[in-house]
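Asker: Just so you know, the sequences run in chain order R and F.
Heads up: the first sequence begins at 1 in full-length UniProt numbering, then just goes up one per residue.
Heads up: the second sequence begins at 1 in full-length UniProt numbering, then just goes up one per residue.
Hints should not be assumed to be uniformly reliable.
Treat identical chains as interchangeable: a pair holds within one or across any two.
[Stated by the list, open to error] In silico lysine-lysine, DSS-like type, Cα no more than 27 Å apart, as pairs:
no.	residue 1	residue 2
1	K56	K69
2	K18	K69
3	K56	K36
4	K3	K69
5	K176	K36
6	K56	K18
Simulated from the structure, these hints should not be mistaken for laboratory data.
Model, not experiment: these values are computed from the prediction.
There are 2 protein chains.
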Amino acid sequence: MKKFEEKTYETETIYKGKIVQLDIDSVTLPDGNTSKRELIRHPGAVAVIAITEEGKLVCVEQYRKPMEKSIIEIPAGKLEPGEEPKTCALRELEEETGYTSDDLEFITSFYTSPGFADEIVHLYFTDQIKPMEEQPDGDEDEFVEQIELTVEEAEALEKEERIHDAKTAYAILYMKLRNAR
Amino acid sequence: MKKFEEKTYETETIYKGKIVQLDIDSVTLPDGNTSKRELIRHPGAVAVIAITEEGKLVCVEQYRKPMEKSIIEIPAGKLEPGEEPKTCALRELEEETGYTSDDLEFITSFYTSPGFADEIVHLYFTDQIKPMEEQPDGDEDEFVEQIELTVEEAEALEKEERIHDAKTAYAILYMKLRNAR
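All chains, please: the whole structure from these sequences, using the hints.
Answerer: Put into structure tokens, the structure is as follows:
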């Protein structure tokens, strides 16, 4: 769907980094006027809603520099170039939590900030996880701590803003809905 | 919580735009090594889950430049400097849909991309809406079309990726959970 399309007549790349690229597109609006759009280019990401045998949500706590605080999130990570989302989801689950799974089910995908960024999150679900025999290495500049939460614990942490991101808020509703069935 | 804190020893501002600012922070990691963090600064946003008397979700379709497609989302918008989130939520609901409400309830807030951006979305709910007598003006470079969806219609559109963003995916689960009660 291209309703209200904004046609680009010029792109200026301001910055190309390790994670994001910043472009400024000059566009023609549907009414013929022009405007500028600030666009963050991102390789995309995956996240996993993993539920233990006891019905707990597997999470990791990590420091998030943009907010200068550590928050508790479901396992997630960036896609490597050419990587299949499902392969990436399994890799991130293993690296961040030490669990593995033969049964990752795709739920949905969503853009996180459609107004200014093209970051997409591919979301997977599993309630079939087992501890790995040997814990794989994660990224060398990533420090995470694992934590497993009942839905009540997760909701309490969300009220305290220690769970404070979109994909984990989504995961909590997903769990509640699953428990309600 | 500052677990695994990354201390900044230098900040370089690469770009300051209308919507985003890009900073590169040089940081000291918990193990004493150093790294760089690419950080998108954003003023924050609001979104509204508004339900009509018939139980439909009020949405708007608009072109989203980062993905080069138009998607259907719940009403949302950026905070103006100093603006209260609730005031902003009511303003965006009125501007984008022509509905108003005396009864906006705060649900939760979440960061959209905690790995690289500080954009936060403050989310409100209302099932008490009424059409405004006079439609207010929206942003001059914003073109939106209103659409009202049953939860089944919304889910079908999500499968087709015409609903394709985090806050609207959250809104669909929120509606389903509310209907399940």
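Asker: Against this structure, judge whether each hint is valid.
Answerer: Hint check:
With identical chains, the CA atoms of K56 and K69 are at most 27 Å apart within one copy only, with a shortest distance of 24 Å there and 37 Å across copies. Taking identical chains as interchangeable, the C-alpha atoms of K18 and K69 lie at most 27 Å apart whether they share a chain (22 Å) or sit on different chains (26 Å). For the identical chains of this complex, K56 and K36 are neighbours neither inside a copy (46 Å) nor across copies (34 Å), given an alpha-carbon limit of 27 Å. Taking CA atoms no more than 27 Å apart as the test, K3 paired with K69 passes between copies only; the shortest distance there is 8 Å, against 40 Å inside one copy.
For the homomeric pair K176 and K36, neither the shortest alpha-carbon distance inside one copy (41 Å) nor that between copies (38 Å) is at most 27 Å. Proximity of K56 to K18 under the C-alpha cut-off of 27 Å is found in neither arrangement, the shortest distances being 34 Å within a copy and 42 Å between copies.
Comparing the model with each numbered hint stated earlier shows that hints 3, 5 and 6 do not hold.
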